[in-house]
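Student: Chain residues, written in single-letter form:
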Amino acid sequence: MFAYLVRRLLATIPVMGVVALFVFSLLYIAPGDPAAVIAGDFATAQQIALIHQKLGLDEPFFVRFGHWLWAVLHGDLGISIFTNLPVTQLIGQRLEPTLALTLTTLVVTIVFAVPLGVIAAWKAGTWIDRLVMIVAVAGFSLPAFVLAYLLILAFSIKLDLLPVQGYVSFRDGFLPFIEHLILPSITLGLVYGALIARFTRASMLEVLSQDYIRTAQAKGLANDQVLLRHALKNAAVPIATVIGIGIALLISGVIVTETVFAIPGIGRLTVDAILRRDYPIIQGVVLLFSAAYVLVNLLVDVSYTLLDPRVRY
Amino acid sequence: MAAISADIVVRAPRRRWLRETVRRHPTVVAGSLILLAMVAMAIFAPYLGTVDPIAVAPVKRLRFPSELYWFGTDAYGRDVYSRTLYGARVSLQVGLGVALFATVFGLAIGLVTGFVRLADALLMRVMDGLMSVPPVLLAIALMALTKASLGNVIIAITISEVPRVARLVRGVVLSLREQPFVEAARAAGTPLLRTLWRHILPNTIAPVLVQATYICASAMITEAVLSFIGAGTPPQIPSWGNIMAEGRLYFEIRPYLIIFPGLFLSATVLAVNLVGDGLRDALDPRLARRM
Chain A
1 MFAYLVRRLL ATIPVMGVVA LFVFSLLYIA PGDPAAVIAG DFATAQQIAL
51 IHQKLGLDEP FFVRFGHWLW AVLHGDLGIS IFTNLPVTQL IGQRLEPTLA
101 LTLTTLVVTI VFAVPLGVIA AWKAGTWIDR LVMIVAVAGF SLPAFVLAYL
151 LILAFSIKLD LLPVQGYVSF RDGFLPFIEH LILPSITLGL VYGALIARFT
201 RASMLEVLSQ DYIRTAQAKG LANDQVLLRH ALKNAAVPIA TVIGIGIALL
251 ISGVIVTETV FAIPGIGRLT VDAILRRDYP IIQGVVLLFS AAYVLVNLLV
301 DVSYTLLDPR VRY
Chain B
1001 MAAISADIVV RAPRRRWLRE TVRRHPTVVA GSLILLAMVA MAIFAPYLGT
1051 VDPIAVAPVK RLRFPSELYW FGTDAYGRDV YSRTLYGARV SLQVGLGVAL
1101 FATVFGLAIG LVTGFVRLAD ALLMRVMDGL MSVPPVLLAI ALMALTKASL
1151 GNVIIAITIS EVPRVARLVR GVVLSLREQP FVEAARAAGT PLLRTLWRHI
1201 LPNTIAPVLV QATYICASAM ITEAVLSFIG AGTPPQIPSW GNIMAEGRLY
1251 FEIRPYLIIF PGLFLSATVL AVNLVGDGLR DALDPRLARR M
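Protein chains in written order, with this note's numbering: chain A, 1 to 313; chain B, 1001 to 1291.
Hints may contain errors.
[Unchecked claim] If we take Cβ atoms under 7 Å as the criterion, some of the chain A residues that face chain B in the derived model are: (1) 13; (2) 15; (3) 137; (4) 142; (5) 143; (6) 286; (7) 293; (8) 294.
[Stated by the list, open to error] Using 20 Å as the maximum straight-line C-alpha spacing, the simulated EDC-like pairs for lysine to aspartate or glutamate come out as follows: (9) 1147/B / 301/A; (10) 158/A / 1252/B; (11) 233/A / 301/A.
Simulated from the structure, these hints should not be mistaken for lab results. Just so we're clear, the structure is a prediction, and the values are computed from it rather than from any experiment. Backbone N, C-alpha and C define an ideal beta-carbon position, used for all residues, glycine too.
Using the sequences and the accompanying hints, generate a full structural model.
Tutor: In structure tokens:
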């Protein structure tokens, strides 16, 4: 187990290496000369050349990549072009809303989607199954921001039940914190939930057709026993896999959701950085999100041993 | 007499076939019809009672939907109905373009990596790396590098979709190369390229075609997302994402600015997804049972 963990951790190094190379190339290829930006409007060519030399901008690609990577490994993601603040500090300031939003969405979605998928598989072919699958296909097809505006229109403007936009930290009161997260979480969770429900149904259907399920039923086990202890346990590994892969949808969704609901998180930071072409921030965000994605999927891989005792490494 | 009976014989089964198809695959038929309608709308947009979608008329700004302006007008007085109809062109171009290019490049990479060990080690590392960047984020990062244009949007989304196709194709190729008929072809001295072309490629078509429809659907959503956050097609092009991006500021007083293009986008994506599900059921019965 420990050896597997180490091997698996080592395997993420080349993947993150490619990501780092890609992210560094972003700045390398990016139009504009950072030295000219730093020097300001009234700089002479000589001053710019001096900054070039100081920053090592004249060195070859891989030397610069090495310097950059060394700094990143030491927690230095560079300085934002627009605000002149360290990128790590900017990301740190925005971390809380994004974490609050993604974690609540993650938990709520899994709590809803997995049982829905199980029920749909159990009642395969009935109207319940049809309904769940129709909602799932609709979930795939409704872009997050369209859904977001429909929700705002219904619940905030027409019914006046929930706040339109914004974010309140949990330190300023739990109820407003939750109130401000309800619509964004639904927006963010729909596609993800649709994916999980569909996959849960699919893997449950596969398991339910196995002989040992018929045996369990034949010996008179209660339905919930058959479903939860015999079927769901055996379907758990593929479901866990899709929960991990689906995180990509959450990350993409965060950018849109935070924009629509004016939540001051990392997604909003990303959009602002794009509009201002603030490449160091874009680099930092891509690196951070990719690392999070790789890490989550690593955890999912490791969780297989807990979910299925037959899996040994 | 003979002519008449022949006529009946030919016609009846065809009508029955149609009815049978509608009865057995209602969602696929509905999806195809919506998709056909969207394609027709995109092609015939100039003849469907539209005006110039980029003609600005400040006097008529932010008019509510009426007999004259079916979907109302936006903040620049442009006719939202015309813009929405022309917007179908952008979305369909992006969807089909990305599906086509991602499939072609993904197939090429998948075929090569499935057969050439060295290329496999190298290319799949790159693909793994690209796959660990969430696709929309990757497309956003790429768009930040270039200037906004329809072509660049298609290229950026294609790059973020290619790794998944490549992985799929590689998986199929790896399982195919162990099959007896491929071994037989190799043993009979068929050159590598010919083996790939005649024996491997045809067997990858079904899963790739299904994947292509899903890519088409997700590419249309990604284009709208990119335009919506201001990193997509240039603002003057009437894409659905752009119309909604402009409607953002006025949403609380003019919700139709987002709702009309949003409905068209959702309907199109839904239609493509339904057709994709139908294709998957028809081409891959094993997978169909699972999903």
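Student: Confirm or reject each hint.
Tutor: Now for the hints, and whether the structure bears them out:
1. 13: Since chain B brings no Cβ nearer than about 11 Å to residue 13/A, farther than 7 Å, the hint is violated.
2. 15: holds (5 Å)
3. 137: Since the shortest Cβ distance to chain B is 6 Å, the answer is holds.
4. 142: This interface hint holds because 5 Å falls under the 7 Å limit.
5. 143: holds (5 Å)
6. 286: Holds, because the Cβ-Cβ distance from residue 286/A to chain B comes to roughly 5 Å (cut-off 7 Å).
7. 293: Holds, because the Cβ-Cβ distance from residue 293/A to chain B comes to roughly 6 Å (cut-off 7 Å).
8. 294: holds (5 Å)
9. 1147/B / 301/A: With a Cα-Cα distance of about 39 Å, the restraint between residue 1147/B and residue 301/A is violated, given a limit of 20 Å.
10. 158/A / 1252/B: Answer holds: residue 158/A to residue 1252/B is near 10 Å, not above 20 Å.
11. 233/A / 301/A: holds (16 Å)
Comparing the model with each earlier hint shows violations of hints 1 and 9; every other hint is respected.
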